[in-house]
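Protein chains in written order, with the UniProt record's numbering: chain A, 1 to 116; chain B, 1 to 211.
These are calculated hints, taken from the structure and not from any lab test.
Hints may contain errors.
[Unchecked claim] With the Cβ distance kept under 8 angstroms, some of the chain A side facing chain B (calculated, not the full set):
1) Gln27
2) His28
3) Tyr30
[What the hints assert, rightly or not] Listed next, the in silico SDA-like pairs over lysine to any residue satisfying Cα-Cα at most 25 angstroms (straight line):
4) A:Lys11 - B:Ile99
5) A:Lys11 - B:Thr83
6) A:Lys11 - B:Arg151
7) A:Lys11 - A:Val95
8) A:Lys11 - B:Gly162
[Said to hold, decoys possible] Derived coverage of chain B by chain A (criterion: at least 3 residues anywhere in the stretch with Cβ under 8 angstroms from a Cβ of chain A; other residues may be distant):
9) 30-41
10) 96-105
11) 150-159
If you're wondering where the values come from, they're calculated on a predicted model, not measured in any experiment.
Using N, Cα and C, we set each Cβ at its ideal position, and we do this for glycine too.
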Amino acid sequence: MMLPMRPELLKGHLDALLLAVLEPAPQHGYAVIESLRSSSEGALDLPTGTVYPALHRLERAGLIASDWETVSGRRRRAYRLTASGHTALREQRAVWEQFSTAVTAVLGRRPWPATV
Amino acid sequence: MAGHRLTPNVDARAQARIDAYLDELAHLLHGPRRRRARILAEIREGLDQSIADHTTDGHAEDQAVESAIDHFGTPPAVAAAFTGELITAHARHTIAWYIATGPVVGIWWLLLLQPHPWRAGALGLLAAIPILPLIAVATATAAGTFATTGRLIRWLPEASPGRALAATIAVAALAVVGDVTVITLYTQSATSVRPLGPSRSAEASSASSAA
Chain A
1 MMLPMRPELL KGHLDALLLA VLEPAPQHGY AVIESLRSSS EGALDLPTGT VYPALHRLER
61 AGLIASDWET VSGRRRRAYR LTASGHTALR EQRAVWEQFS TAVTAVLGRR PWPATV
Chain B
1 MAGHRLTPNV DARAQARIDA YLDELAHLLH GPRRRRARIL AEIREGLDQS IADHTTDGHA
61 EDQAVESAID HFGTPPAVAA AFTGELITAH ARHTIAWYIA TGPVVGIWWL LLLQPHPWRA
121 GALGLLAAIP ILPLIAVATA TAAGTFATTG RLIRWLPEAS PGRALAATIA VAALAVVGDV
181 TVITLYTQSA TSVRPLGPSR SAEASSASSA A
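Model the full assembly from the supplied sequences, consistent with the hints where possible.
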């Protein structure tokens, strides 16, 4: 189990994470939060109040769309990626790969301080 | 929100706790009514799922409800998280209303302040409705705000909620200034073309002849 990550560390990457979670199949808001948590082994256990507004913002940007659906007698708002969302995810993946490669190259050269 | 049952198996005490939570949240959310209703429905649905998960994990019902509420955050925290989206939604809603009604108001202005038949084109319009540059600024502000808070934010810098709200207030103020100016101009022109009544001298002469 990894340590939970502070939400402010994710600033700028939350959009891409949410789009990636929705890429395989439509999900409702709470399932998105659980998917983020489980796929990161608990590191991305984000407060609910962060995720729902971010989903609304992505919908406003046209990157995801949502519809009410009824599953086992329960009404849920399911979010799905739009064509623009798929394109944006591809772009953000490429940006992240460049960024992470650069940061790893820099940080990787430094010896980590020994912990006592 | 009270009375909206979540998990059918939740007992009355747990249901009352959830209703109280949603009631408090409902009072703290400010913005378009439909958007607030949607947020509350989504939070309710998420709480429902979270309680079901905790119950499946073996938690007692009361504990499951408290854990779900803890995970979602206090109503002030949830409301604060939605503030930006609600402000932007309100700004877009208001601006869309101005954009939709703008042409009708424009036609109404043209009917009131008919451009002079001998002055054609933009100059004629400007002479009849001198606040047109102001309206052009309002239209550009409205269009810009709508673009930078909607689908174009993939390519354009996104307007912050505060900026969107400020732009909306500016558009509303310019619209009010435009309306007041047009009404004032119309009132003045109506006064200037009103047929003159009996002049004071005529009134005076008729008064003296009567005497």
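| query | Given as covered by chain A, does the stretch 150-159 of chain B meet the bar of three residues or more with CB within less than 8 angstroms? | reply | holds (count 4)
| query | Is the hinted pair A:Lys11 and B:Thr83 satisfied, with a Cα-Cα distance of at most 25 angstroms? | reply | Cα-Cα ~18 angstroms, so holds.
| Does the alpha-carbon distance linking A:Lys11 and B:Arg151 stay inside the 25 angstroms limit? | 20 angstroms, holds
| Outcome, coverage hint (the stretch 30-41 of chain B, chain A; C-beta under 8 angstroms; three residues) | holds (count 3)
| field | Interface hint outcome for A:Gln27 [beta carbon to chain B under 8 angstroms] | value | Given a least distance of 11 angstroms, the restraint on A:Gln27 is violated.
| request: Using Cβ atoms only, decide whether A:Tyr30 comes closer than 8 angstroms to chain B, and label the hint accordingly. | output: 4 angstroms, holds
| task | With a cut-off of 25 angstroms on the C-alpha distance, tell me whether A:Lys11 and B:Ile99 pass. | result | 34 angstroms, violated
| Do three or more residues of the stretch 96-105 of chain B come closer than 8 angstroms to chain A, measuring C-beta to C-beta? | violated (count 0)
| Was the hint right that A:His28 lines chain B, CB cutoff 8 angstroms? | 7 angstroms, holds
| said: For a C-alpha distance cap of 25 angstroms, please report whether A:Lys11 and A:Val95 respect it. | reply: Judged against 25 angstroms, a Cα distance of about 15 angstroms means the pair holds.
| query | A:Lys11 and B:Gly162: Cα distance at most 25 angstroms? | reply | Roughly 19 angstroms separates the two Cα atoms, so the pair holds.
This entry does not satisfy hints 1, 4, 10, going by the numbered hints stated previously.
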